[in-house]
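A.B. asks: Here the protein sequences line up with chains A and B, keeping their order.
Heads up: the first sequence runs through residues 28 to 442, numbered per this note's numbering.
Heads up: the second sequence runs through residues 5 to 432, numbered per this note's numbering.
Hints listed in this document are in silico derivations from the structure and should not be mistaken for laboratory results.
Treat the hints with care, since some could be wrong.
As the list claims (entries may be wrong) - Quick list of simulated restraints, FRET-style, between CB atoms: (1) B:N146 <-> A:K276: 43 to 51 Å; (2) A:G434 <-> B:R85: 50 to 58 Å; (3) A:E81 <-> B:S356: 56 to 64 Å; (4) B:S338 <-> A:E81: 52 to 60 Å; (5) A:K276 <-> B:S356: 35 to 43 Å; (6) B:N261 <-> A:V125: 51 to 59 Å.
The beta carbon of each residue, even a glycine, is placed where N, CA and C say it ideally should be.
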Amino acid sequence: MPPPVDFMRKNRVKLAFLAFVIVVVLTLTLFSTSWSHDHDQEEARVVLQESLNEQIRAANRTSGNSTVVFASVIFRHGDRNPTNGYKTDPYKNGSEYVGGFGALTMKGKKRMYLLGKYLRKRYQSLIPPLYQFEDIYVLSSDADRCIMSVEVLLNALYPPLPFEKIHPSLDWQPIPIHTVPRDLDKVVSAKAPCPKYTEALQCVYNSSYSVKINTDNHELLEMLTLKSGQSVENYAQAESLYNTLALQKELGLTLPEWATDEVLERMKQLAIDSLAAFTHTKFMRKIRGGPLLAELRDRLNQKRAASSRLKMLLVSGHDLTLINLLRTLGFVETRWKPDFSATLILELHAIDQKHIVQLWYNNGFAKESTFEQLQLPGCDLDCTLNAFLEATQDVTPLTWTQDCTTGPTDPDACS
Amino acid sequence: MPSWLIIVVITLASSLAQDQNVDDPSTVILTNIIFRHGDRTPVEPYPTDPYRNVSVYWPEGLGQLTDVGKEQHFKLGQYFRKRYDSLLPKKYNYNDVLVRSTDVDRTLMSAESNLAGFFPPVKPWSPDLKWSPIPVHTVPENLDNLVSMKHPCPRYDLEFKNLMESDFMKKIKAQYQDLYDYLTEQTGKEVQDPINVQYIFNTLWIEQLKNLKLPEWTKKVYPDRMQELSRLSFTLNAYTAELKRLKGGPLIGEIVNHMKQKVNKTLTPDRKLFLYSAHDTTVANILMTLDLFDAQNPPYTSSILLELHKLPPEKYFVTILYKNETDREPFKLSLPGCAFRCPLDDFVKLTSPMIPEDWNAECQLGAEQTFLFSDEATLLRNLSITVVIGSGIVVLLLISVLVLAVAFMQQRSRNNYRYSPLSIDSFS
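One chain only, chain A, in its complex shape (with noise of 0.2 Å):
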């Protein structure tokens, strides 16, 4: 057998063109299904962007039939604890609170995903499943506690689409909040200063009303500023105390002997009056409830101008946000004491081609709740938009800066 150098030195030709027709046979296997691969992932590719732009058309779509043509949704935040104490409170330095003073609790957060389950149904024909920034806009007050209720009430109404989803094992979505700080929020919150309704509200405090309440309760408020250690001499501090007890007893904690149920019922009574003495002329309704209204006025003439593509309004507030407007809208009569997730609901149909106006109430959200329809006073049940826009004209504030510091004092607030 010849050494194999000299084999291939002999056959160099005939090797050379071997190696050739290899290399050339191999760049274009490799070529060849390179390619192919290319080409099938492009089709895959094709094909899964077409199952996920049908599955997106799916989930823009509406489903069921409805009239509601926009619905703005309003509330009160979930189960809190409280948020302080009082000088004898067992529980004052808070270590009963998970959470800490004023935060929201399980309870509550559960209570707020219920209620976005209930919008997700009743709403299925209003807002498709997509989130879509142009189909809703959130308000919240900037209460840690009023923001984290709408956050978990959004979960639940857009639960993160398959393909939605940032992490496949989290089923949720970011949804923006818009807030204002406090000292500046006229609109949820309402605590934005007006000096013109300070001067108002200490004196409805000091009216004939006011003293007549608290003389009527005066053995009750005695006793309650014994027993707490502290000064409760009027219906707005038993309020104060009220919420404190009420809480913790919800919290299954155990009240001292004093705060018996007997008590307890009619503080909530004085905690009632303490609520509406807020709005308790039509000045103050206009400063404190007015700009809410004047804020879904606005959402409402967009609409029937068909200048705006939005669906719904939600605005996460406080016991008082709710009191408020419901009080501006001229529910003077009734007394409102909302338990937390309180809804209010004003929803826009268009019926034969004409708008209507409905009102909805639930006064504390939990698992079978319905809505109450509410009857605007001086409209009929299904109140035109314009009968609804004429009767809340005259509490709307135009002036809203003017009246709170150079405008007339409050004729009413002192009788």
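Since chain A is already given, all that's left is putting chain B on it; use the hints.
C.D. replies: This is chain B only, laid out in the frame that chain A set:
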């Protein structure tokens, strides 16, 4: 050997022994993070843009955070969790954390996504949900001088107008006039300054990122020439000392206050993390104000970390980090005049000229301003040869300083930074 000399030697030796350049998060007692939102759609396509049809090309809407952007921030949040695991308990508590965002959908959503990665629930409130609500606070843009920096400020507007009409900007305009004309003609949008160019640049950049083929006309100017101006545009808002003070000053002031209050135990609640969700302009303005800007478009999720460290028993120092790339550790920045590990007292001293004592008052066009102008008027009336020579010298000096500064900046960006906004790879 005299005793003072011994002290000096010891101090020198100990300072040498301490590595001034270590980034160690375990000593952090307070961190302030300013970040840009994640991947978004264009804010405003130009009039002749072939991809103007919003529902076809930008289904999320204009200027909205995309799914990619949400994921970017979720991951950044996970990175923060890792970095600050010893500083922050796993469970969110409002006494530890304050989150502030500009009042824009994409920054609000970025903050929320970031927090979902930063604070996944320890004990989920719903059995199969790996998310729990955390409040994000905001302020309407026209009232926000801190993060969006859009609160009106007449003095700032005047200073900015002066800058735009300065010789420097006139020179830029002369140099790029052909580009402005070309862009105006091609885009159907009036282009006259670097900021206009930046807007179009940004739209083109996003379209390229989304694999949309750019029109033929862009080849001549995109990216190179447009990028030069886009970069310049990010320096303009805080170009002069006065602009820095009025633009970046309030936020730097707030952060320095957090640090001072932390040390003298007056921070209430005694927080450990302040998170600011913002824009490329916010990031650029803060870096400009601190004299640390590399004149590069701040990419999505780029973050400035201003950390306060405590070494036992009572030694405090500040470090500044800039995380402008997803997959690598942040860059260490040193405030000019200080080491990377900058003693808190020095940091406070060095930043104090940047911080307005009363922003609202300084924003007014007050008496001081009028006086300055009337003074100038007198000078103009009494034009003398001395003034001409004097100003000539000043201009020469300014130009040489500018040349040096630009050279220095370029060198620094070469040495210190690795960030190429045009490389698609780093984002895919």
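A.B. asks: The structure should be examined with respect to each hint, and the outcome stated for every one.
C.D. replies: To see whether the hints hold, each was checked on the structure:
1. B:N146 <-> A:K276: 43 to 51 Å: Holds, since B:N146 and A:K276 (Cβ atoms, about 45 Å apart) stay within the stated range.
2. A:G434 <-> B:R85: 50 to 58 Å: 52 Å, holds
3. A:E81 <-> B:S356: 56 to 64 Å: 60 Å, holds
4. B:S338 <-> A:E81: 52 to 60 Å: 54 Å, holds
5. A:K276 <-> B:S356: 35 to 43 Å: 53 Å, violated
6. B:N261 <-> A:V125: 51 to 59 Å: 31 Å, violated
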